[in-house]
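Given chain A, put chain B in place with the hints provided.
Protein chains: 2
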Amino acid sequence: MKVEREKELEKFTKAEEAYDFQLTLDRIIKYAAREHPTSEVVYRDIVRETYAEALERIQKLANALESLGIEPNCLTRVGTADWNTHRYFEMYYGIPCMGNVMHSMNQLLPPEQLLWTINHAEDRVLIFNKDILPLIEKFSPELKTVERYVICTDDGILPDTKLEPVYEYEELLKGASSKYDFPELDENTPAGLNYTTGTTGLPKGCWFTHRAMVLHAIGEQFNTRWMPEALDQRFTILFVLTPMFHSFAWEVPYIATALGSKLLLDGRHDPVVDMEMVKRERTPIDRPIFICGVSRFLMELIDHPKFKEYKEYFKDAGYIVGGTMFPEGLARRAEEAGLSVASGMGMTETCPGMIGAAYKYYMYDWPDEKKFRYRLRTGYCDTPLCEVKVANSDTLEEVPKDDKSYGEMLFRSVWATMGYFKDPERSKELWRGGWLHGDDLCIWDEDRSIFIVDRTKDVIKSGGEWISTRTLESVISTHPKVQSAAVVGVPHPEWDERPIALIIPKEEYKGKITEEELKEHLVKYAEKGEILKWWIPEKFFFEEIPMTSAGKIDKKVIRADYKDVFA
Amino acid sequence: MKVEREKELEKFTKAEEAYDFQLTLDRIIKYAAREHPTSEVVYRDIVRETYAEALERIQKLANALESLGIEPNCLTRVGTADWNTHRYFEMYYGIPCMGNVMHSMNQLLPPEQLLWTINHAEDRVLIFNKDILPLIEKFSPELKTVERYVICTDDGILPDTKLEPVYEYEELLKGASSKYDFPELDENTPAGLNYTTGTTGLPKGCWFTHRAMVLHAIGEQFNTRWMPEALDQRFTILFVLTPMFHSFAWEVPYIATALGSKLLLDGRHDPVVDMEMVKRERTPIDRPIFICGVSRFLMELIDHPKFKEYKEYFKDAGYIVGGTMFPEGLARRAEEAGLSVASGMGMTETCPGMIGAAYKYYMYDWPDEKKFRYRLRTGYCDTPLCEVKVANSDTLEEVPKDDKSYGEMLFRSVWATMGYFKDPERSKELWRGGWLHGDDLCIWDEDRSIFIVDRTKDVIKSGGEWISTRTLESVISTHPKVQSAAVVGVPHPEWDERPIALIIPKEEYKGKITEEELKEHLVKYAEKGEILKWWIPEKFFFEEIPMTSAGKIDKKVIRADYKDVFA
Numbered sequence: 001m002k003v004e005r006e007k008e009l010e011k012f013t014k015a016e017e018a019y020d021f022q023l024t025l026d027r028i029i030k031y032a033a034r035e036h037p038t039s040e041v042v043y044r045d046i047v048r049e050t051y052a053e054a055l056e057r058i059q060k061l062a063n064a065l066e067s068l069g070i071e072p073n074c075l076t077r078v079g080t081a082d083w084n085t086h087r088y089f090e091m092y093y094g095i096p097c098m099g100n101v102m103h104s105m106n107q108l109l110p111p112e113q114l115l116w117t118i119n120h121a122e123d124r125v126l127i128f129n130k131d132i133l134p135l136i137e138k139f140s141p142e143l144k145t146v147e148r149y150v151i152c153t154d155d156g157i158l159p160d161t162k163l164e165p166v167y168e169y170e171e172l173l174k175g176a177s178s179k180y181d182f183p184e185l186d187e188n189t190p191a192g193l194n195y196t197t198g199t200t201g202l203p204k205g206c207w208f209t210h211r212a213m214v215l216h217a218i219g220e221q222f223n224t225r226w227m228p229e230a231l232d233q234r235f236t237i238l239f240v241l242t243p244m245f246h247s248f249a250w251e252v253p254y255i256a257t258a259l260g261s262k263l264l265l266d267g268r269h270d271p272v273v274d275m276e277m278v279k280r281e282r283t284p285i286d287r288p289i290f291i292c293g294v295s296r297f298l299m300e301l302i303d304h305p306k307f308k309e310y311k312e313y314f315k316d317a318g319y320i321v322g323g324t325m326f327p328e329g330l331a332r333r334a335e336e337a338g339l340s341v342a343s344g345m346g347m348t349e350t351c352p353g354m355i356g357a358a359y360k361y362y363m364y365d366w367p368d369e370k371k372f373r374y375r376l377r378t379g380y381c382d383t384p385l386c387e388v389k390v391a392n393s394d395t396l397e398e399v400p401k402d403d404k405s406y407g408e409m410l411f412r413s414v415w416a417t418m419g420y421f422k423d424p425e426r427s428k429e430l431w432r433g434g435w436l437h438g439d440d441l442c443i444w445d446e447d448r449s450i451f452i453v454d455r456t457k458d459v460i461k462s463g464g465e466w467i468s469t470r471t472l473e474s475v476i477s478t479h480p481k482v483q484s485a486a487v488v489g490v491p492h493p494e495w496d497e498r499p500i501a502l503i504i505p506k507e508e509y510k511g512k513i514t515e516e517e518l519k520e521h522l523v524k525y526a527e528k529g530e531i532l533k534w535w536i537p538e539k540f541f542f543e544e545i546p547m548t549s550a551g552k553i554d555k556k557v558i559r560a561d562y563k564d565v566f567a
Numbered sequence: 001m002k003v004e005r006e007k008e009l010e011k012f013t014k015a016e017e018a019y020d021f022q023l024t025l026d027r028i029i030k031y032a033a034r035e036h037p038t039s040e041v042v043y044r045d046i047v048r049e050t051y052a053e054a055l056e057r058i059q060k061l062a063n064a065l066e067s068l069g070i071e072p073n074c075l076t077r078v079g080t081a082d083w084n085t086h087r088y089f090e091m092y093y094g095i096p097c098m099g100n101v102m103h104s105m106n107q108l109l110p111p112e113q114l115l116w117t118i119n120h121a122e123d124r125v126l127i128f129n130k131d132i133l134p135l136i137e138k139f140s141p142e143l144k145t146v147e148r149y150v151i152c153t154d155d156g157i158l159p160d161t162k163l164e165p166v167y168e169y170e171e172l173l174k175g176a177s178s179k180y181d182f183p184e185l186d187e188n189t190p191a192g193l194n195y196t197t198g199t200t201g202l203p204k205g206c207w208f209t210h211r212a213m214v215l216h217a218i219g220e221q222f223n224t225r226w227m228p229e230a231l232d233q234r235f236t237i238l239f240v241l242t243p244m245f246h247s248f249a250w251e252v253p254y255i256a257t258a259l260g261s262k263l264l265l266d267g268r269h270d271p272v273v274d275m276e277m278v279k280r281e282r283t284p285i286d287r288p289i290f291i292c293g294v295s296r297f298l299m300e301l302i303d304h305p306k307f308k309e310y311k312e313y314f315k316d317a318g319y320i321v322g323g324t325m326f327p328e329g330l331a332r333r334a335e336e337a338g339l340s341v342a343s344g345m346g347m348t349e350t351c352p353g354m355i356g357a358a359y360k361y362y363m364y365d366w367p368d369e370k371k372f373r374y375r376l377r378t379g380y381c382d383t384p385l386c387e388v389k390v391a392n393s394d395t396l397e398e399v400p401k402d403d404k405s406y407g408e409m410l411f412r413s414v415w416a417t418m419g420y421f422k423d424p425e426r427s428k429e430l431w432r433g434g435w436l437h438g439d440d441l442c443i444w445d446e447d448r449s450i451f452i453v454d455r456t457k458d459v460i461k462s463g464g465e466w467i468s469t470r471t472l473e474s475v476i477s478t479h480p481k482v483q484s485a486a487v488v489g490v491p492h493p494e495w496d497e498r499p500i501a502l503i504i505p506k507e508e509y510k511g512k513i514t515e516e517e518l519k520e521h522l523v524k525y526a527e528k529g530e531i532l533k534w535w536i537p538e539k540f541f542f543e544e545i546p547m548t549s550a551g552k553i554d555k556k557v558i559r560a561d562y563k564d565v566f567a
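Protein chains in written order, with full-length UniProt numbering: chain A, 1 to 567; chain B, 1 to 567.
Derived DSSO-like pairs: lysine-lysine, alpha-carbon spacing no greater than 27 Å straight-line:
no., chain 1, residue 1, chain 2, residue 2
1, A, 14, B, 422
2, B, 144, A, 11
3, B, 144, B, 130
4, B, 308, B, 506
5, B, 401, B, 457
6, B, 457, B, 519
7, A, 422, B, 7
8, B, 481, B, 510
9, A, 30, B, 401
10, A, 315, B, 371
11, B, 315, A, 371
12, B, 457, A, 14
13, B, 30, A, 371
14, A, 401, B, 30
Just so you know, these hints were derived from the structure itself, not from any lab.
Here chain A stands alone, though its shape is the one from the complex (with noise of 0.2 Å):
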């Protein structure tokens, strides 16, 4: 029998009128001034607001803007660059919700690729921390869209400028109503933009629309899994340490939305003023904790002098530090201090959630250590939303689980990035295959537990064979002088490239520590099978290490400073 689908599909009754849910960004800060009213947004100690006070911010923003120019459900972008506040919160849902792009500029890109972004983004309104004034004001007259100017501040008082017309933030909501009915919009609507820093050429427009932004913030509330017991998925705070402008801060504003979790947020990143929130804000003090942050700000806050007066208040806190790198010494480190620690990974262009270190349910019953090694892993894509191998850029064939099997990973799911901003021919090159191309070398074992050796521009290509920076700065870091380290490979004469690196010692070791030690320390590592011996590095410099605005080790910078050692 032949069947018309068409006519099957017409049994299937639809009311005329049956509410059409569509996945828009609204619907979670209405769950959660509605549901949760009482929860607090909270920044430093300067402002507390709950959900359903920053709603009707929220509402007034959406207001403000209408009067700035800006018409609903029109797709115009507007900049925006704040320090993490209760203002850019405010953001993240008044831009999107009216039906508009929110711009989430790079406040530290160099200045000349900022200034690229807005021109690119064509943003017609720019709303920022008067902190960045001076650089706005420098290349205004190179802006060619921008129509008015917003600057924030906490004291309310707009600071002197030039430019015009420019209004201080808190002045522009003071004036506008409360009431704002939001558009009910489709969930295909683009909703966020946000531009990747990018190694090499200019910048890339990663654009996301609310389908993507809501089911990412729901998805990605699973990736806590391998917090213990006292903590787990019923965290009651939110901390959030990674920049608002960097990746939508991962999206965990919209994540502690979603949950009804109070969101902690610091402004300008500080680790004093970090530990003084979780001690006012943690109460009762086991209450459950979540931080979110890189590794460097994790290194800040334990290896603070003022953090034993606040160790007490960071027990148990759940920390999942994002991006390639998490030195198993930094680790080690953290759960000595009594944090629970794991490494999650993403890109710009993944919104940014591929994978973490979650547990599968066997894994509940490893030995400690096994446990504690497999966090520092980068873990596997733990949700039916996406899907992620490690595979031949090429061929698109998963390499073999070995661990030792090289490839790069590969992403698709839901909430990627459909193609970069105006930008048809790096689109292309993206979705090559239709697989989303990471930039990563990797290998993955028999759990899909992926490990990221390194950044494909960052490997070592050293005599024909490739040595892992990434894992050279893991085992540097374990030994009990270093604080932190940085390798990377620099041209060779007869190895093409070879490794040096760039340590930073603890505080009490300043000076007292030498390149014999270290190599003797490598040299254990290389016996235990760890690495190999011809990896440790040729040289070793004590010196400050350049990091990128994302809190990452500038590699980039420390190449071209060093480019000439062996020459």
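Here is chain B on its own, set in the frame of chain A:
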């Protein structure tokens, strides 16, 4: 400046090869088979299959259905009726993932209604347990669309039957290839059809898309936030006692797969089998386990003479009781037995998740007794993917949150049925005013925690006022001699209706319980203000309580049986 939205939209480049990730059910089983391949589906002590094996058998089933003339992507309905088995689990995926629609037939419906649903759904193949073979044989002459029959047996032997053509499930799979490429479906494709038992008129066919079912499986994972530290959301074992033909077993089979959890299935419900399974499968003995069932199943478990032998295996087990009824006495006995219980509520129309007794952050600090009483209320809507309000049925305006103003529960969500299969008229009625209308009389409080006073059809109208049968049952259930109670209103010459109660005493009190002592018990509650004095039932009967197929008290039958007691 007038913005042209279409022109703006074009700037958001989509790579041609960008993968359009749809929310389809195959995502879930493929995820489980990929990331949790050794997690198991366990059917009694008869079969255990891993998710990897399950996926192979699911693909065999799809091939087998093709060999029976069911083409892919045709929305053909396949009628299914098995006990809770691994086979039913396979049908949950095999039928919708090939682009057809699983009609889960309620095999305990009155036969003439079951027959009607098969003809109404236009099922072309029926897959059913041999236990209902006599029934299917009996009405096979009246089946208008069924072309083939598949019988499920544990022994793999086709029973004698005059049906034809007829196949045995296991035999059919044996001949099929385990390779099948599921078509890439649009997520809005219908996937499941389930008829409500319906209190008046003919059954109504609620249907759900892949999108609805996937989002329900993801979104409903949060409904366990009340659970103690030791369990929480990282449960690794899920045990669904709800029959799989009823409201898709609350989607627990999908939820388990989406979590990679072990799934326990007990065949035809039997408390001794359940106890044996928990003892055998919960290893180590403190492995998190989460059980889903109606209150009757919980009662049969903890009141079972053998329960004390198994009690240790149920320590800290989570147990969610679905439906409008969770009597306080039963809940206390369950907690005393070491389980952690809470209530939740849904309708077939809502896939079925609506509300559950999850905690809000401030509730963690409540005293234990207050927490316990909160968990008996049906709860609130704990996800941004739904919206629930208690409102006037006509004006749709919210009633005051004072815990005494009556209203109807109104719902909208990404997973609600959009209407009834081939039934525009009742679809329209269901969705009047753009909200899905529940059929319960509710109150709610400041926490937005909803208490279901009664089914609209069960509430007693006496002397112009309302009496909640549910509250009476709950209060009666706290009497130490009572195992369970049912209250209904029956016609009364003077008061329109008056309540009567049916009582099942605990085993040891059979014949040793009197109407007088129950009335005295109720008077005490009236003095405390928990009920009103004139609510106390006129008459008590110590008789069996008739149950519906879904394990709920069948009040329609009681009302019919006792309609003349005051005549």
